[in-house]
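Here is what each chain is made of, one letter per residue.
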Amino acid sequence: MKTAVITFPGSNRQQDVMRALQQATGTAPAAVWHGDHELPAGTDLVVLPGGFSYGDYLRCGAIAGHAEIMTAVRAHAARGGYVLGICNGFQILVESGLLPGILMRNAGLRFICKMQHLQVATQNSDFTSLYKKGQVIKVCIAHGEGNYMADEHTITALEEQDRVAFRYCHADGTRTLGANPNGSINDIAGILSENRRVLGMMPHPENLIEDIMGGTDGRGLFASLAKAA
Amino acid sequence: MTSDTRKSDWNNPDITPDLVAQHGLKPDEYERILALIGRAPSLTELGIFSAMWNEHCSYKSSRLHLKGLPTKAPWVIQGPGENAGVIDIGDGLACIFKMESHNHPSFIEPYQGATTGVGGILRDVFTMGARPIACLNALRFGDPSHPRTRHLVSGVVAGIGGYGNSFGVPTVGGQVGFHERYNGNILVNAMAVGIARSDEIFYSAATGVGNPIVYLGSKTGRDGIHGATMASAEFDDASEEKRPTVQVGDPFAEKLLLEACLELMKTGSVIAIQDMGAAGLTCSAVEMGAKGNLGIELNLEHVPCREDGMTAYEMMLSESQERMLMVLDPAKREQAEAVFRKWALDFAVIGHTTDTLRFVIKHHGEVMADLPIKELGDEAPLYDRPYEETVPQAELDARKVPNTLSNRDALLKLLASSELCSKRWVWEQYDHLILGNTVQQPGGDAAIVRVEDGPKALALTSDVTPRYCEANPFEGGKQAVVEAWRNITAVGGLPLAITDNLNFGNPERPHAMGQFVGCLKGIGAACEALDFPVVSGNVSLYNETNGEGILPTPTIGGVGLLADYTKHATLAFKGEGQIIVLIGHTRGHLGQSIWLKEIAGQEKGAPPPVDLALERKTGDAIRPLIQAGDLTTVHDLSDGGLAVALAEMVMAGGIGAQIDALPQGIPVHAALFGEDQARYVAAVPGKSLKKLLQALDAAGVPHSAIGTTGGDALILPGEKPISVMELRNKHEGWLPKYMSGKDSA
Numbered sequence: 000m001k002t003a004v005i006t007f008p009g010s011n012r013q014q015d016v017m018r019a020l021q022q023a024t025g026t027a028p029a030a031v032w033h034g035d036h037e038l039p040a041g042t043d044l045v046v047l048p049g050g051f052s053y054g055d056y057l058r059c060g061a062i063a064g065h066a067e068i069m070t071a072v073r074a075h076a077a078r079g080g081y082v083l084g085i086c087n088g089f090q091i092l093v094e095s096g097l098l099p100g101i102l103m104r105n106a107g108l109r110f111i112c113k114m115q116h117l118q119v120a121t122q123n124s125d126f127t128s129l130y131k132k133g134q135v136i137k138v139c140i141a142h143g144e145g146n147y148m149a150d151e152h153t154i155t156a157l158e159e160q161d162r163v164a165f166r167y168c169h170a171d172g173t174r175t176l177g178a179n180p181n182g183s184i185n186d187i188a189g190i191l192s193e194n195r196r197v198l199g200m201m202p203h204p205e206n207l208i209e210d211i212m213g214g215t216d217g218r219g220l221f222a223s224l225a226k227a228a
Numbered sequence: 000m001t002s003d004t005r006k007s008d009w010n011n012p013d014i015t016p017d018l019v020a021q022h023g024l025k026p027d028e029y030e031r032i033l034a035l036i037g038r039a040p041s042l043t044e045l046g047i048f049s050a051m052w053n054e055h056c057s058y059k060s061s062r063l064h065l066k067g068l069p070t071k072a073p074w075v076i077q078g079p080g081e082n083a084g085v086i087d088i089g090d091g092l093a094c095i096f097k098m099e100s101h102n103h104p105s106f107i108e109p110y111q112g113a114t115t116g117v118g119g120i121l122r123d124v125f126t127m128g129a130r131p132i133a134c135l136n137a138l139r140f141g142d143p144s145h146p147r148t149r150h151l152v153s154g155v156v157a158g159i160g161g162y163g164n165s166f167g168v169p170t171v172g173g174q175v176g177f178h179e180r181y182n183g184n185i186l187v188n189a190m191a192v193g194i195a196r197s198d199e200i201f202y203s204a205a206t207g208v209g210n211p212i213v214y215l216g217s218k219t220g221r222d223g224i225h226g227a228t229m230a231s232a233e234f235d236d237a238s239e240e241k242r243p244t245v246q247v248g249d250p251f252a253e254k255l256l257l258e259a260c261l262e263l264m265k266t267g268s269v270i271a272i273q274d275m276g277a278a279g280l281t282c283s284a285v286e287m288g289a290k291g292n293l294g295i296e297l298n299l300e301h302v303p304c305r306e307d308g309m310t311a312y313e314m315m316l317s318e319s320q321e322r323m324l325m326v327l328d329p330a331k332r333e334q335a336e337a338v339f340r341k342w343a344l345d346f347a348v349i350g351h352t353t354d355t356l357r358f359v360i361k362h363h364g365e366v367m368a369d370l371p372i373k374e375l376g377d378e379a380p381l382y383d384r385p386y387e388e389t390v391p392q393a394e395l396d397a398r399k400v401p402n403t404l405s406n407r408d409a410l411l412k413l414l415a416s417s418e419l420c421s422k423r424w425v426w427e428q429y430d431h432l433i434l435g436n437t438v439q440q441p442g443g444d445a446a447i448v449r450v451e452d453g454p455k456a457l458a459l460t461s462d463v464t465p466r467y468c469e470a471n472p473f474e475g476g477k478q479a480v481v482e483a484w485r486n487i488t489a490v491g492g493l494p495l496a497i498t499d500n501l502n503f504g505n506p507e508r509p510h511a512m513g514q515f516v517g518c519l520k521g522i523g524a525a526c527e528a529l530d531f532p533v534v535s536g537n538v539s540l541y542n543e544t545n546g547e548g549i550l551p552t553p554t555i556g557g558v559g560l561l562a563d564y565t566k567h568a569t570l571a572f573k574g575e576g577q578i579i580v581l582i583g584h585t586r587g588h589l590g591q592s593i594w595l596k597e598i599a600g601q602e603k604g605a606p607p608p609v610d611l612a613l614e615r616k617t618g619d620a621i622r623p624l625i626q627a628g629d630l631t632t633v634h635d636l637s638d639g640g641l642a643v644a645l646a647e648m649v650m651a652g653g654i655g656a657q658i659d660a661l662p663q664g665i666p667v668h669a670a671l672f673g674e675d676q677a678r679y680v681a682a683v684p685g686k687s688l689k690k691l692l693q694a695l696d697a698a699g700v701p702h703s704a705i706g707t708t709g710g711d712a713l714i715l716p717g718e719k720p721i722s723v724m725e726l727r728n729k730h731e732g733w734l735p736k737y738m739s740g741k742d743s744a
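Chains A and B, in that order, give the protein sequences. Take 0 as the starting number for the first sequence in numbering that gives the first Met the number 0 and just add one per residue. Take 0 as the starting number for the second sequence in numbering that gives the first Met the number 0 and just add one per residue.
Same shape as in the complex, but just chain B:
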């Protein structure tokens, strides 16, 4: 097959500059292809290059900077580079997890975009041999007043629920935020967590020449062709026309695929396995071959298709869901096939491994592509994009911010704000109780999910504060990691590792690239200082519409371990007359706080600085007390500061609190609403106070008793009481009212 003998027809047109551009390849990237293969590519080959070399699959703008992240620790079994990260949680068990974005499809078609996001991340986890035990997510929508926001919230939430509920995994935690910078580009980040035996983990590198390559799962259709290319371009007003590139999810098929795959893996027939995610058959086959230093030959006439007449090009680029590719031990073919027949799923041998290091695609005997397999991945363009460091914003003097509301009214207003209101309307649409292991349901600092029958449990959380990242990418990156670490600590978990889902704007703009670089440095510094390595992740760039980028949003999914699920803390006040202790330094940092945005109407100043050594010292002092059963009421301080944290503790426990001794030397509103880091609130019965204070003193962590629990109201210094019912009405009221459309928001 050479370009001069090939007929130019609809299926094999001439490769024009226009056609190259339609495939998202830049002219210099096309030159690279020509140099690599020494001839013009066929259409199928062009499609393959476009799939492998887009931003989503090749990480061409981000690879250079991702290298700087700490990825190792003695408990890390598998870091980035596989379908998901794997950590050792002891007693022969491993936790397998990853977070991934599905931003662009969800904006175009929120229900299907979100479902396939969940489906894709679940496959990443069970393709490695793990049974999924929990899902989390992080969602960012535009301003509530934007005409599309309600529709997007409704569709995305229904989609996440629709997939996870049917698949049968509890969705136990997440974040939902609103900001006008997401008006044209929402974020849907989904995380899945699974458990496997640590000696029964499956990888994607093919081994052995001549081994059959087997296609598993649902049939291939014309859906999702060029999905990954879409995810690597910015949006404009015509983006809705891309709706046909969004795939359709089928959680029922995925549930069958899960059970079939786990059964298949027990037969010992799986040499390597890889899910077909972005760029479908192309990406999965190339990865299996390239990682195993083998060639792959596929015969596409054997691919199970949903419709007749699909071309090689379409089959190679389809992103139909619920499909897997595996290298089979030929001696065990019959057993393997029987499992898939039992679950009524397709099982087709579509090719074999070779020793040629070529990626050869044949369709009815005709060679449609013949490319060097290693180079498809290794020789993908790598860019050191020019970037501008974000100029850090100046510190804001809390004394100079006009305080127009009483602290009582300010607190009620914050509790009813889109950022801090209860997200019950969202998580009640997710089955968070299935499997019967959800110890801490949504609404706590971190979710707690028991592993099998215990005693181990995982503490799971997803965190990031985009407005901090916007103001100072380095500090914001650090803060995202420490907040995940703190949330895990606050329930008594030992933080082990993270997955990062890096959502940024257009990397070809130096400002956006600078945000990416800055956040990554911050994340790296925090991971290093906290022994909290990155084991998996995903980069989503080009989150930009009509030239405006999103807030930089590096979502951190954190996993921690509880040795005994019965020894944990929750944020609810648990008894009357307990002493409330504020732990950590309170300086009244109002810059970039929620109070500043919602009450003073400003988004400015430097975000709160993150002292990594102090974070570690503080968390390490608290955790053993929880694990010993001496401390059962703890809450991390974050958005909204001390006042919001106290209100949450009152609402969760239905027990009031009287606060009478706030930190001195700073304005009261700054003490109540400042967002200083490395802080927690705990409550203990009088008899346990000494033990807590001794532990904190021994670690050199500052603390102060600020009040006592009791009654049915929260009483802030100098303010009228706020009843539990009033707090709950404000907190629970906003979102259902907004979603009902009765409030113009």
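The following block holds chain A by itself, in its conformation from the complex:
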């Protein structure tokens, strides 16, 4: 699997995801600058990392969604290439039209960083194939705008097409009061594109790849991808 990580001005978790990709694939990802016009030849997976692209002073991800490199990312996705957007990367994916919906301000109106349990909602994707459907994994979140919302038609389509990848839950897998940290509809933490090759998610699997840092549940996602190509 040949991977590339894009750095926008204000990206700040690119090193974290590079470490996770290196661990899973055995090779260092290519670093791509937002002003570049092309992805490295033969790229299988493009990652849009977490951070505050362009300061996120407008709607989060809005400016990055129109960055030079996004033309190449859209073309890559159209060809059936893999795209992973984490946190700010997810926000950029919805702003660029690669995924539907919008990420609003957290319901509690505050930035929140903590360990968070997720339910793997589908095993049917190359991002989640090594997890089991319904499996509870522990990753972390760190965002102020993760409250996913879309129109009713879109939500119905996401649910019917099994395109919800992850949902927020408690450690025991229940989704009762308090499990959802940001008010996201249907407890959605991550969604897939129609061709199941583009994943956007708010939580950070890349920070849970070592026991001593709180656990290794995030590894499954990168290992699934490494297996795919």
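The hints are simulated quantities; they were obtained by calculation from the structure and are not laboratory data.
Think about it this way: if two alpha-carbon atoms lie no more than 27 Å apart in a straight line, the pair counts; the simulated DSSO-like pairs of lysine-lysine are:
id, chain 1, residue 1, chain 2, residue 2
1, B, Lys-573, A, Lys-137
2, B, Lys-741, A, Lys-113
3, A, Lys-137, B, Lys-422
4, B, Lys-399, B, Lys-596
5, B, Lys-741, B, Lys-422
6, A, Lys-113, B, Lys-736
7, B, Lys-412, B, Lys-719
8, B, Lys-218, B, Lys-361
9, B, Lys-59, B, Lys-71
10, B, Lys-686, B, Lys-566
11, A, Lys-113, B, Lys-455
12, B, Lys-71, B, Lys-455
13, B, Lys-566, A, Lys-137
14, B, Lys-616, B, Lys-566
15, B, Lys-573, B, Lys-689
16, A, Lys-113, B, Lys-422
17, B, Lys-603, B, Lys-399
18, B, Lys-736, B, Lys-422
19, B, Lys-596, B, Lys-422
20, B, Lys-455, B, Lys-616
21, B, Lys-566, A, Lys-113
Quantities reported herein were computed from a predicted structural model and do not represent experimental measurements.
Could you slot chain B onto chain A? The hints should help.
Just chain B, lined up with the frame of chain A:
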């Protein structure tokens, strides 16, 4: 340019006594200026003197006493006097760190005050070539019932998070405290820690005549003019009118500036570099020149400005954020400029170094200032302010304090008090996990942050107990240092050095000055005894509103080293049936304790005395056991004493404990809640007990087995069990409820 030929207009008015006073300069200080330059200053020059000679920049009241602090050790690469302190952590790596206050701006505009505090301290660290790896802070707010407190907590916390989260550095530790003495003057102390190669550290002294001086970063606006002067005056009810002097932070610009500066430094083009912090362009340019024994000439028409028509005076005093000044190797100008263009930041040559030792400011060819550069710093006033030593409070006899609550109820009340409650509501707003190196997150004794891919890690903490300092500045100063040392030790770190952030009242009042002098002596004594030198720091005086000073608050930021991040201890109980060992002397010292304040409703008595030799002996006995992997559960005893420490260990691990053998000969509540120093609690499986006790015996450190872990409740002697859930509900409940405004507190 002489005063008699200068036109008096709005831009160059006559220098009247009123104008001098508005610049925070005392009449005798103005006389000093006249004597130094032999004529009346221009307005720009007056502004420059006011910026250089205020308390914040000149340390005029504190310099004399700061000299007494120990600042040297074989591992110290750079002590106080640079942007930040630098220590050697081995294998060619250096740790660069400093703590700084942003108290006054944060009271006026909490969000922006806090953001720019964080931004400023991060710049201090990366201007020396370090990549920041962690931030900490120490926050003090007024009484929870004060009408402004909730607003200030909310704004400051959001501001610290807003800056650090976007910049991309984990905020891993800190303190939050409440006391009515901060009602009119909160404290926001921010600390940044970075890592650099020890042979790639950048300093601020300019070298070489005729080298270009380059302005880097964001544009200059009219914000923050006279910020440092504001920070050097006490507050009154009209202080809110000073809101325009608070700067606005832009973490995005700072992130770009960080990446651009680190890239720039790799090009070899940087001769000297200095961030523009307090007093902006003035202070940074003067420091670079004076330290390098060179003159500086600036041509202000080249300064990138945010708005048209800015005067020399405004440009020299602006405190716009996210700016740097550097002396460039002219041979490498193109490479250097390309880096800044890539990051879309301003890069402008605005002057050059000279051999005249003059600080010359020109604007469109007109000389606006021409001053002797060395004297601007060296000849700043130095005061030996009169001071009164604080009369130490008498020892409190624990037996004579009425004990109205059961120990069980007292513990629950303490856990739900503003001082001891969980600060999760605060630190969950800080990204403490970014970079993937946070081994110990907030809530432990010291944060542990892995350095790059390891195996090294840093142990980081910020500490001070202001009520001890108020009661006895000398013992309180000592205690602040030993608590930092103990917190680092408790996770297995070797304490290496500190940064001090000295927050005190008005130095012109002998009582406040006496607190400052006393605390400093205590800090110095503790640093000396523990080989724990001060390598950087900041003094914040005039923390006083309407004549009432804050509690003396010398915050200590401590840095320690773990050789192997996998060998560390945390406070959580880790298994059932482990033996709980209390280490150190327990005398039941209730004077100035949290128990006394919250349960007995008194703030009196002497604070617990600090025996420096005992501290060292005790810590030095425990640390090697952790480093060898033989001891993994340790907690330092501090606020709230043994009972609170045990509750924290139970809550963190989700494993209960039965306590059945408390120290004898003292009242039970004193044994449980006394705040005697030099103590730890450890827990070990039975098979490891012998090793622990042998090590403690060999060092002559007293210990006693007080109980065992297990079950799902904490059981204190003679009390009904307290379930883990009840402990957590009390501990976690107070702050979110208070901040929601549903509790009138």
